[in-house]
Amino acid sequence: MNIPQEYKELTWQGLWKNNPGLVQLLGLCPLLAVTSTVVNALGLGLATLFVLICSNATVSAVQHWVPKEIRIPIFVLIIAAFVTCIQLLMNAFTFDLYESLGIFLPLIVTNCAIIGRAEAYASKNSVKHASFDGLMMGLGFLLVLVALGAIREVLGQGTLLDGAELLFGDWASQLRIEVFHLDNQFLLAILPPGAFIAMGFLIAAKNKIDAKLAEQQPKQQEAQIERVRVNFDG
Amino acid sequence: MRKAIENNAKLLALFAVACTTLVGLVHLLTKDIIVEQEQQQLLNTLNELVDPSTYNNAINQACIMVEHELLGIKTQKAYLAKKGQQPIAAAITTTAPDGYNGDIQLMVAISFDGVVKGVRTLKHKETPGLGDKIELRKSPWILSFNNKQILDNKDRRWAVAKDGGMFDQFTGATITPRAVVNAVKRTVTYFNQNKKQLFDKTANCQEVL
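Here the protein sequences come in this chain order: A and B.
Quick note, the first sequence lines up with residues 1 to 234 if you use our numbering.
Quick note, the second sequence lines up with residues 1 to 209 if you use our numbering.
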């Protein structure tokens, strides 16, 4: 029963407790810059997720051959290689989305969440656990991106999933939902300041929920703590 | 100490080689598809602008590098549509240097008699929600250029409505449409002055096809 416990913990950490977007606050640059629509957020989130899984797995696989002194340059090399591969693949197969994500695709390299996970978790754990950690951290990041993208898209343009055909092909243009009609777009939500504000609310909401959760089960925890008072001055 | 440095250097080099190989392989696999996609994208834009039934050459390969102050400082490309030897239209890329937020890249298609067939925005950094209405995805404004022509040198209609011209500006954004109108006007002027020489040239874009 030891292994499932570890996976459960990793899921909890990645999706909620130690969420790279909301708690670690890593990779803010892509988080704030590309989340103007759900589709952009989803595209970048998936790319980051893929890079995170691959880099975590690779870093974990080579951990025994990499001396401590040169681990960082090697991690960077591995991450950069995967990002470049993703970039090429997206350029080839989702051309329009590649165009609309622009500079933020290569900037995944600088997403500290990825090297952070490589250093903090993948380099010390088995390939299986590291890949799973990558998956969960990536999903956590993806969810925050999409949530932020949805908030900004609804407020800014009154739509959801506008431009889904960029990611999924022509059939997906039907996925577009017009929540309400705006004659003039709400600029603040689309521009970076809107991203900061929405992000602030998301983090506040998470903290609020955490506080509620903590309130619900404090007694149980307190009962377990047995204090032993040692007074040397005695 | 020296030994450690040597080992680390070797290891780094090994990783560098491995990573480069991986990227190289992916590049090899995707290279052709990417070129194909770019050509397809280009062809789609060209087809939207110039009706494919009016010409019979391979327009995306009949590309000429042009440099002229009217088209901005960059080297631009002109795609020529011909039917047999007869010139039909040209689609010319152009730069509007005076956008609200830097350069705006446009493609302007003009038929041989000087009538604008259509304009598309290729690349821009205008304010989302205001200036980005020059994208066809966001607003049909860019279609207002269709079938317009320059009558003479002093054609005052080629300006936004605020400046007394025939093109609407957007609410909250005058600079962007003004820049686009002026760039299109300059391109049409360039075409009217140079169209004969343009169609005499042979394709010379150094593109890998």
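In case anyone wonders, no lab produced these hints; they're calculated from the structure.
Careful: at least some of the hints might be erroneous.
Now the stretches of chain B that chain A is said to cover, found in silico as 3 or more residues with beta-carbon under 8 Å [as the list claims (entries may be wrong)]:
| no. | stretch |
| --- | --- |
| 1 | 8-21 |
| 2 | 147-161 |
Away from chain A, derived, C-beta distances all over 12 Å, residues of chain B [stated by the list, open to error]:
| no. | residue |
| --- | --- |
| 3 | H27 |
| 4 | P52 |
| 5 | F112 |
Predicted, not measured: the structure shown is a model, and the values here were computed from it.
A virtual CB, placed ideally from N, CA and C, is assigned to each residue, including glycine.
Okay, the hints, checked on the actual structure:
no., hint, result
1, 8-21, "holds (count 7)"
2, 147-161, "violated (count 0)"
3, H27, "6 Å, violated"
4, P52, "20 Å, holds"
5, F112, "31 Å, holds"
Figure legend: structure checked against the earlier numbered hints; hints not met, in rising order: 2, 3.
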